[in-house]
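> This is what each chain is made of:
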Amino acid sequence: MSLSIMLSQLSVGMVRAVGIFALTLLFSLPLGMLIAFARMSKNAIIKNIARVYISVLRGTPLMLQLLVVYFAPFYLWHANISGYRFAAVIIGFSLNYAAYFAEIYRGGIQSIPQGQYEAAQVLGYSKSQTFFRIVLPQVVKNILPAVTNEVITLVKDTSLAFALAYQEVFTLAKQIAAAQTNFIPFVVAAIFYYVFNVLVAFVMERIESKMDYYR
Amino acid sequence: MKILEINNSRKHFGDLEVLKDISLSVEKNQVVSIIGPSGSGKSTLLRCATLLETLDGGDLIYLGDYAAKADENGNAVYASPEELKKIKMNFGLVFQNFNLFPHYSVLKNVMEAPVLVQKRNKEEVKAEAMELLRKMGLEDKADVYPYQLSGGQQQRVSIARALAMKPNILFFDEPTSALDPELTGEILKVIKDLAAEHMTMVIVTHEMAFARDVSDYIIFMDGGVIVEEGTPDQVINHPTQERTKLFLSRFKND
Ligand SMILES: Nc1ncnc2c1ncn2[C@@H]1O[C@H](COP(=O)(O)OP(=O)(O)OP(=O)(O)O)[C@@H](O)[C@H]1O
Ligand SMILES: [Mg+2]
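If you read the sequences in order, they're chains A and B. Going from the first sequence to our numbering is simple: count from 1 and add 85. Going from the second sequence to our numbering is simple: count from 1 and add 564.
Don't read these hints as lab results, they were simulated from the structure. Being a predicted model, the structure only gives us computed values, none of them experimental. Ideal placement from N, C-alpha and C gives every residue a C-beta, glycine not left out. Don't take each hint at face value.
[Unchecked claim] One-sided excerpt, in silico: chain A residues whose CB lies under 7 Å from chain B:
(1) 136
(2) 200
(3) 207
(4) 208
(5) 209
(6) 219
(7) 222
(8) 223
(9) 299
Throw the hints in and build the complete structure from the sequences for me.
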């Protein structure tokens with residue numbers, strides 16, 4: 086197999102890895118906010134459900150969670166799960182990362198001093214105005230470093246989709262390497278992950294420096 | 565004309581009775597200072613008056629409108645949220661530690677609430693905000709962020725922010741306590757200027773000389789009750805209660 090054929094096959098996997106990455110962020114960032122609110126709810130039932138959710142999702146391997154998400158419909162309802170592979174990958178990743186983001190959000194929201202809420206309240210801001218104008222912008226700045234860590238981990242974690250035999254770049258590299266007894270696919274995959282991460286780190290740094298106008 | 569009236573107010577936290585049957589009223593253009601030892605309930609009284617805490621009992625009245633009204637058992641019953649929202653526009657509060665919004669420029673700190681909450685014209689508000697900042701000696705600081713200011717400057721911004729809402733009464737909770745001693749003077753001067761312009765104010769302070777100079781009326785609180793009240797001359801120069809004398813003796817060297 087020529088290098089160019091190998092690269093073109095691997096590039097399909099690269100696009101899929103980027104897809105997992107982007108869709109996971111798209112769903113897990115807002116879902117994490119919902120879970121964070123549930124976790125901070127005054128309602129004890131909602132709070133405890135969120136607490137258990139976060140604990141389980143952070144306390145068990147992502148790979149195992151992917152398998153559960155993928156095979157559960159079959160074992161529970163004998164559903165036909167062919168064609169569900171990609172959705173299962175996205176659902177599994179999103180549920181898992183939302184748990185991590187929820188805890189980051191919660192820490193960020195709780196770090197906002199009570200005085201900020203009180204100042205806004207006396208000035209007549211509504212609850213939602215206070216949250217979106219006063220609290221959230223400060224939370225975003227506070228949590229950005231922690232979010233960056235998670236996002237960088239996610240780049241590497243996309244390779245775990247191999248557990249469901251989803252053909253992203255790592256799965257493909259393994260297959261090609263085995264079939265061709267060739268080490269090169271692994272090198273290409275490694276370079277891909279590294280460059281991807283450098284780009285992500287660069288973008289996150291830009292965002293962080295954008296928020297540097299105040300302390 | 566009474567701007568604020570509080571009748572028989574009560575407030576407790578757990579087992580602790582923090583306000584025990586406190587009544588006071590503030591006339592238009594009056595400056596009232598509240599003094600007293602730590603833990604006597606001064607901040608709690610201000611927080612109840614500004615709706616940051618809810619009273620257990622008593623009336624809370626702004627310009628004849630009841631924010632809270634005692635029922636037949638004396639328990640405070642609050643007005644509807646819409647009513648309270650309107651009543652809230654009567655007062656402003658200046659905090660001990662400023663509580664400026666750190667992600668907003670000085671100008672935006674001052675401008676946002678009048679535009680967002682009071683739905684006033686943005687250009688008008690901006691002109692007024694700049695005028696307030698000029699009065700506070702901060703006209704060249706409009707575009708900087710709070711972290712770039714000294715504590716005294718931050719407190720002046722927070723006073724401007726409160727004044728921009730055109731309140732009928734302004735509350736101060738120890739406005740100089742978080743400041744270095746050399747910066748307290750500039751804030752006390754601002755408050756004196758406001759008093760000279762007949763701003764109605766209620767000031768919790770530990771600055772006795774200032775309270776004596778600026779106030780029309782002084783309230784001495786201890787243990788959740790008003791122990792003594794009257795003109796500065798009565799309360800500070802000629803106190804009649806032992807507890808007042810004891811408290812004031814600690815400030816004799818001022
Ligand atoms: N949210 C709260 N929960 C429980 N106890 C409180 C709360 N707020 C105040 N207290 C208690 O109520 C009492 C009165 O407090 P407050 O802050 O009103 O006193 P203060 O007169 O303002 O004192 P200082 O001069 O130190 O500011 C104190 O014993 C305080 O511990
Ligand atoms: Mg206090």
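> Regarding the hint that residue 200 of chain A lies at the interface with chain B, is the smallest CB-CB distance below 7 Å?
4 Å, holds
> Do the numbers back the hint for residue 223 of chain A, that is, is its least Cβ distance to chain B under 7 Å?
Nearest chain B Cβ about 6 Å off; hint holds.
> Would you check whether residue 207 of chain A satisfies its interface hint, that is, whether its CB is within less than 7 Å of any CB in chain B?
Result: holds, 5 Å to nearest chain B Cβ.
> With chain B as the partner, please determine if residue 136 of chain A meets the hint condition of a C-beta pair closer than 7 Å.
With Cβ-Cβ at 26 Å, over 7 Å, it is violated.
> Classify the hint on residue 222 of chain A as holds or violated, based on whether any CB of chain B lies nearer than 7 Å to its CB.
Holds, about 5 Å.
> So, residue 209 of chain A near chain B? Judge it on the closest CB pair being under 7 Å.
Result: holds, 4 Å to nearest chain B Cβ.
> Quick check on residue 299 of chain A please, does its C-beta sit within 7 Å of some C-beta on chain B?
4 Å, holds
> Holds or violated: residue 219 of chain A as interface residue toward chain B, Cβ cutoff 7 Å?
6 Å, holds
> Using 7 Å as the Cβ threshold, decide whether residue 208 of chain A counts as touching chain B.
4 Å, holds
In terms of the numbered hints stated before, the structure departs from hint 1 and from no other.
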